[in-house]
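Let chain A serve as the given structure and place chains B and C on it in line with the hints.
Residue numbers (the working numbering), protein chains in the order written: chain A, 13 to 407; chain B, 13 to 407; chain C, 13 to 407.
Hints were generated in silico from the structure; no laboratory data involved.
Take these hints with a grain of salt, some might be off.
No copy is singled out in the list; a pair is fine if it fits within one copy or between any two copies.
Stated by the list, open to error - Restricting the straight-line Cα-Cα distance to at most 20 Å, the calculated cross-link-like pairs of lysine-lysine (PhoX-like) are:
hint	residue 1	residue 2
1	K15	K27
2	K27	K14
3	K113	K326
4	K326	K75
5	K14	K75
6	K103	K310
7	K89	K274
8	K24	K326
9	K313	K156
10	K308	K156
11	K113	K313
12	K75	K320
13	K326	K103
14	K310	K195
15	K27	K320
16	K75	K24
17	K308	K15
Chain by chain, the residues:
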Amino acid sequence: GKKGVEFESADKDFKFRMGGRIHADASYSSGDDNLVSGANHAEASDGTEIRRARIEMVGTFWKDWDFKSQWDFGDNKVTTKDMYIQYSGIKDFHITAGQQKQLFSRELYESSNDLMFMERSLMNSLAEATVDRAIGLSVATAHKDWTGAVGIYGETVTPTTDTSVDEGWGISSRWTFAPLNEKTHVVHLGISGNYRDPNQGNQVPEGGSKQAALTLASETSHMSNLKLINTGGIANVAAIKMVGLEANYLNGPFTVGGEYSKMWVDRKTASAGDSNLDFSAWYAEASYTLTGESRKYKKGKFYKLSPKQKFSLKNGTWGAWELAGRYSEADLNSADITGGQMSLLTVALNWYINDNVRFMADYNKTLDLSNSPITTVGGGDPNVDTFMLRGQLAF
Amino acid sequence: GKKGVEFESADKDFKFRMGGRIHADASYSSGDDNLVSGANHAEASDGTEIRRARIEMVGTFWKDWDFKSQWDFGDNKVTTKDMYIQYSGIKDFHITAGQQKQLFSRELYESSNDLMFMERSLMNSLAEATVDRAIGLSVATAHKDWTGAVGIYGETVTPTTDTSVDEGWGISSRWTFAPLNEKTHVVHLGISGNYRDPNQGNQVPEGGSKQAALTLASETSHMSNLKLINTGGIANVAAIKMVGLEANYLNGPFTVGGEYSKMWVDRKTASAGDSNLDFSAWYAEASYTLTGESRKYKKGKFYKLSPKQKFSLKNGTWGAWELAGRYSEADLNSADITGGQMSLLTVALNWYINDNVRFMADYNKTLDLSNSPITTVGGGDPNVDTFMLRGQLAF
Amino acid sequence: GKKGVEFESADKDFKFRMGGRIHADASYSSGDDNLVSGANHAEASDGTEIRRARIEMVGTFWKDWDFKSQWDFGDNKVTTKDMYIQYSGIKDFHITAGQQKQLFSRELYESSNDLMFMERSLMNSLAEATVDRAIGLSVATAHKDWTGAVGIYGETVTPTTDTSVDEGWGISSRWTFAPLNEKTHVVHLGISGNYRDPNQGNQVPEGGSKQAALTLASETSHMSNLKLINTGGIANVAAIKMVGLEANYLNGPFTVGGEYSKMWVDRKTASAGDSNLDFSAWYAEASYTLTGESRKYKKGKFYKLSPKQKFSLKNGTWGAWELAGRYSEADLNSADITGGQMSLLTVALNWYINDNVRFMADYNKTLDLSNSPITTVGGGDPNVDTFMLRGQLAF
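Chain A with its partners taken away, still in its complex shape:
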């Protein structure tokens, strides 16, 4: 069926599902012809890529014990995504051990199959480097109108590249509330916090890999390799503290929402000149479904819409069409660190063929950019715009 290949034992104590996704992208940037990064030529790479190619196996054993394993095979390498064992034997509670997303931000938590835009917002420049997946233990409780969860984590599955240092660790928590929670009329509020102590080699886990020091940055597209804002490696990090706020309103075909994140970085006092830092980023977004369908909300999570009529040449039906816009800002300047300040407008048109196939077109316009590590050959601020297309099949 549309959920992939599913099996269930007669007594429903054993379940197994195999799923997958293909995100095939093409992207083109303008305004990137005469850029330099220091003395080196810089450019947003145009072209094609398999943005995501994932297999997942999820299952239930003896009713109470679940597992999920998910790998990404983009870029001809394997990256372990979710990889955990879960105990669901206590009503409304889930205890999860293994690699999982840390608890922070609705945008980071939302599946890439459901996001309204092809890439996450500039706010992800703070989140991706610190609160993406890590190996740990979490306890979550989920109810119709509120959810709460707390977790303690080591690092990602990537092996330590520094020789012989202890891993870092972090603790995070996310709580959501839905004061209004009807099928197509929802108010969602969320708050989350994160504390992380980097490892002895000053490493921080970053979205499935690991970096030698805390680096906050954002690419113009995954394909482009061009980072218009980029702190570079921030040395001598003693601790990272983060707070995030979420608010969303859904009313039939219309949604509006946003998130705000603030990060404080404590530096090791031993290093003169390494001041404590603070960074912030946020986004606001709105969407409208031309064909009338509503996005879905369940227990603190948003999901993509399901088209009322799937695309069919024979029946003359055209699926669902969604129009969305997002404004996002990130400020990566603080004390001795000049990572740049940027605001970005994203406009998206999404075509939902059926519950499994979606095509997406995104246009990203740089509204404002200052203190960027990338400049034009003449020394001015770059003005790069990017157009992206995606074919998505997921189950």
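Chains B and C alone, transformed into the frame defined by chain A:
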């Protein structure tokens, strides 16, 4: 069943199949004892390898939307092979987006499970570097007696190794005709063309990887790492143009056929001394099934035979036996490029145990070799012969 | 069901099973604060890791032809484990071609899902580098009270890193006897031998990878990267010969057993000062199931117990509990090689939730260590103890 694990929903709108293949090889070369590549010792490595270990998942959603994902795990790394979404909602047409084989040459297009020989011919020295899989969009139409397809492509899934350059692109097309098309009596003709513009870093996609410049070469075996003909990196390539011709005749247990490819390489005029180039390669092959079975032909593609009686000690039946021979030639010398000229004779004995298991023995004899980058210590032409064995299980 | 997803055709000629395992670990070491390896700081890395994340597909085609493919995705890379084709058409015999475990040692042969301890003993410092998986051909016969097998092998699937050298090869054999063989009362005896000729680059296959020269070593934990005993690369190896002895006694909830391995290394006489070497290692272990269950024995192999009552909060049942202890020793000093001598005590408490889920806690205490390549800053012998936890889900 023999096609792997297959599922279908009751209304046949959803299908899913999981397949795989194991090709376990051993190879031994003679005449490689005193070879040098410039000042360095060179040798054809003898030994064992898992030549291919692949998993594939293919499926259909809502009747019209197909996907295929296939990975190879040979050499302890993952390589994305097919990875595409396909629309089949228009009769006799397929529109395919994602990573797929480009449209050129029957030999390259044929599955490695079906090939009569363990490795493709010397002609593949032109095709592998230019028209193997890439991410793109193609439209194909297939009829009983003719097929036609055209596609436009970026590069492979391998990430750009040069920093910040736009990808190259290519366009290719293949047309096939079967003026005679009975079950065991077939005449097949084909023609294909390819145009490719390399990327700004002068890269060309090559069989699942990517190379810094166009490199045409052929290994004596996949295991050996010995390239008796090898242009090395051809710099300053402005455009690559290729034409390919195919002809095959199948009559019961007997087949004969061949292909010819010609490549023209335009160089950037800015570089003095970099002339335009042209290379060519071809092969002719014949096979005879001792046990009488016929190879199969369907819509422009050839498939391996199915044994009439599968191997069984209990029943005293021995499966099918096939004898095949191939002569191939490649000329990689042109203007300032001296890649060598080679002709190779391949003799093969294939044992088809059943529809899933096959054992293969190949003997490759170098007939003629000149201008090779590899020489004997004394300076003469090498004379390397290779014997290879394979156990194959595929479904 | 508990064995994963299984399918069978109506006539039972075709079978297919998909299985997997997740081993999620956390480890902490003490006594590693002031260690050096030569002039460099050394330390046992504390933290979390996905020790194993494996998918396996096994199947049967046409009744007599089996295959097994198994990959590990730990550390964000792919490692091919079992990858073979097997013929079972002769009663009591299996002929296996492809990548498989070489025939040596009960401990190495036992699945990591079944082992009583989180890591294999110090004896594995000899076995892992020489008799772990390789590509080859083996013939095995298995009977209720005895088994015998012999195999010839090349190297692992890892590509040769030395350019253009022939692979090495080895031959090994293992025989087991069960003079007493009742369901919960077993005496098991085993003997195995191995001969290996390294490749021209002096490489030896090591647990899924390959090393530039024979290296015998043992990590305090897989996560730690700390090798308290380590020969470093042993150059000029001409041949490796090994003998192993096994003995086990199982009586209801109680087991006791051990193994002894001896290795002789012949050096190439050309190299003055490179003497022939011999190394040895052994372990003895005992276990007791507090809840009364018995481990299982079948055709030369031991398997983990199955809890009489699975863990259930609702039913107030607690699964099975197993207590185990092991003493192991390795002597890696011989002639010009000083790899160190070590004895280690391991105490384990295992909690079997059900047939698929197990939690493990191990404490490793270094009893004695001399000639270690790792010393304290002051120059004395390190005294590192390690505590490890595991969550295991396997099917």
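Evaluated hints:
{"no.": "1", "hint": "K15 - K27", "verdict": "both (13 Å within a copy, 12 Å between copies)"}
{"no.": "2", "hint": "K27 - K14", "verdict": "both (16 Å within a copy, 10 Å between copies)"}
{"no.": "3", "hint": "K113 - K326", "verdict": "neither (42 Å within a copy, 30 Å between copies)"}
{"no.": "4", "hint": "K326 - K75", "verdict": "between (43 Å within a copy, 12 Å between copies)"}
{"no.": "5", "hint": "K14 - K75", "verdict": "between (23 Å within a copy, 11 Å between copies)"}
{"no.": "6", "hint": "K103 - K310", "verdict": "within (17 Å within a copy, 40 Å between copies)"}
{"no.": "7", "hint": "K89 - K274", "verdict": "neither (33 Å within a copy, 34 Å between copies)"}
{"no.": "8", "hint": "K24 - K326", "verdict": "between (39 Å within a copy, 17 Å between copies)"}
{"no.": "9", "hint": "K313 - K156", "verdict": "within (11 Å within a copy, 50 Å between copies)"}
{"no.": "10", "hint": "K308 - K156", "verdict": "within (13 Å within a copy, 46 Å between copies)"}
{"no.": "11", "hint": "K113 - K313", "verdict": "within (14 Å within a copy, 39 Å between copies)"}
{"no.": "12", "hint": "K75 - K320", "verdict": "between (34 Å within a copy, 17 Å between copies)"}
{"no.": "13", "hint": "K326 - K103", "verdict": "between (47 Å within a copy, 11 Å between copies)"}
{"no.": "14", "hint": "K310 - K195", "verdict": "within (9 Å within a copy, 51 Å between copies)"}
{"no.": "15", "hint": "K27 - K320", "verdict": "neither (29 Å within a copy, 22 Å between copies)"}
{"no.": "16", "hint": "K75 - K24", "verdict": "within (7 Å within a copy, 29 Å between copies)"}
{"no.": "17", "hint": "K308 - K15", "verdict": "within (16 Å within a copy, 36 Å between copies)"}
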